[in-house]
Amino acid sequence: MRTVVLAVVAGAALAGAAASARADQHAQQISRGKVVFDHWCVVCHGSGPYMAGTQQLRVNYGSKEPALLSRRTDLTPAFVKAMVRLGYGIMPRFRKTEVSDADLAAVAAYLSRNNPAYKRAK
Amino acid sequence: MTLPPGVSAAQFQQAVGRMQAVVGSDWVMTDALDIWTYRDAYTPYYGDPAGEYIPSGAVAPTEVSQVQQIVRIANEFKIPLWPIATGRNLGYGGSAPRLSGTMVLDLKRMNRVLEVDEHRCHALVEPGVSYFDFYRYLREHQLKVWLDCADPGWGSLIGNALDHGVGHGPFRDHFGSICGLEVVLPNGELLRTGAGAIPGNKAWTTFPYGTGPHIAPMFGQGAFGIVTKAGFHLIPEPEAARSYHISVPRHDDVHPFLDRMAELVAGGTLNQSWQIGSPLQSSPNARVRAALERSDGGPSAELDQLAHELNLPYWSTRIYLHGAPNVIDAQWQYIQRRLSGITGVSFKDGNSYRFPQDYDKVRDGDDGDIFARAACDIPNMSIYGMGAGGANVPTTGPRGRQPHGIVFFSPVITMSGAELLRAQQVLRAAYRKVGMPARAGAAGGWAWFRCTLVLLQVYPISGDAQQNAKLRSDVSTVARFCADHGIGEYRAHPVWMDDVMAANSFNHHALLHYLETLKDAVDPNGIMAPGHYGIWPKRMRGESFT
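As you go down the protein sequences, you meet chains A and B in turn. FYI, this note's numbering numbers position 49 of the first sequence as 49, with every residue one higher than the one before it. FYI, this note's numbering numbers position 254 of the second sequence as 254, with every residue one higher than the one before it.
Incorrect hints may have been included.
Which stretches of chain A does chain B cover? Using the computed rule of at least three CB atoms under 8 Å from a CB of chain B, they are [what the hints assert, rightly or not]:
1. 41 to 48
2. 51 to 58
3. 93 to 100
4. 105 to 118
Keep in mind that the hints were calculated from the coordinates and are not lab data. From the three backbone atoms N, C-alpha and C, an ideal C-beta is built for every residue, glycine too.
All chains should be modelled from the sequences, with the hints used to inform the complete structure.
Next up, the structure:
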């Protein structure tokens, strides 16, 4: 019985450590994602005059979603990755020589960080 | 999979394997999603993928020696290469090659700033360095020089300059500020132009010519080699930059106005980009638009009357002057004195900035100037914000949605009132011929290349394949019509490069024949950028590549 309890407690501690490591990794990925976003994306998706991305999203979504990408709560990693690699309308496609797959995953984590379904590391 | 012409799938795979051994398997890209990122995001073939120019793949080296090895492999397997720097030449073809099946040579990973000398004011960079990258480097290292960026800051210093691109800052003509190239030739050999041909010559990026024929221009808008390094002349960071508005009231004022402005450009007083526009011609007023649709563009007396009623000047411009504040004061006094002979000319102060303290204060839209940051050498993306979500960009769908891109057609004329009015008439007639609104020919002009004006035309890409087919045919007709009237372009989209080269018909197309003779000698296997500006390798000449 004690062995079982110890095993369960040890298992829970390991799972907790693993979850904590995943959370740290996720936080680091979000942090990296913000760096990449500020380098590549904020020039059209930031706030201020003549921001092509922010202006167009204001037209597309009206009051349904914030025009600023970084404030959206509905973005998913898959959607972000698709938009960056496929482009849309005036927004062109971004290549691996510009935004690597790893950096793309980081941007996707950053932009989906406010989506309740993606808040925690999976 | 779009194979290079005349290359089998097995041969292509073999070549891919050899290239992977050079750059690593991650950096030879042939799957459909990777190829998508190298297609022209603003293709005039939208809706017609069978007609679009589609690469066979992309290869991305990091070193000059890798570029050389890739070129040798390309020769062995007869795989055409299309070098791109940042591949953001949107409106002029983006990253896509002219010939489907060409392999894109993506130089973005070669992105080092190699040297910046803030006293002699020159720099040496690799192709992957964008205006954003260079600006960040200058600010991080607190270097007091200006670089002159293009409208969108994501372009490459080298890529933009090699396509004869332009900026709003003091250089305007970017190719004109190049000094010294390192080039990988179509046979894989490495060459340095000008003074760089002397090993260890420290004047490589200050003295442009060396001795003997100056060949650096061959690598701009050409099909003769891959530039792996370029020197650029810069200017010292000025203490100040200020803008001023100038306007003249009447149609016929354009003659003395452009004559005086040309003298000021040639004399060095006006040393930054400016644009002549017409507030009257841009007016949405129905009577103005009706007059502009007429075959003669409306008689000047009638338009002058309309300008008077609407209280609009006929012609206007905004200029920037940069330098020491007291020098700017003197230049502005001189400019006003030179223009004062035009009755009714008016002058107004615009923006005023001091450097380095104002880099973070300049805002696009200051004094209504969307190009304020570009004029102060600060890279940005505001030109895309000009129409996004707004009323200025023609839409092709509901709810103000954007078009699927834009393309440019860029006639260039000498800077005179007579030529501007003649060119407007030619464009009006050309547009009438193809069924576009004639008033679209009422273009202003950009003063980018000494005493000339570029009458930049912008057309949207539709979501409808048939509309785009008509656009492709229409622009071809307009380009040839302009050529028949002695008007050419400064730059072209691949879809119209053959039309633009066909305009060079002096003495039975002597220029193209000469270029083809050189092409056959230096690129016998025809692997270097086939079709770029209408220069095709011998094995592809006479065939139709649509």
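Tested hints:
| no. | hint | in the structure |
| --- | --- | --- |
| 1 | 41 to 48 | holds (count 3) |
| 2 | 51 to 58 | holds (count 7) |
| 3 | 93 to 100 | holds (count 6) |
| 4 | 105 to 118 | violated (count 0) |
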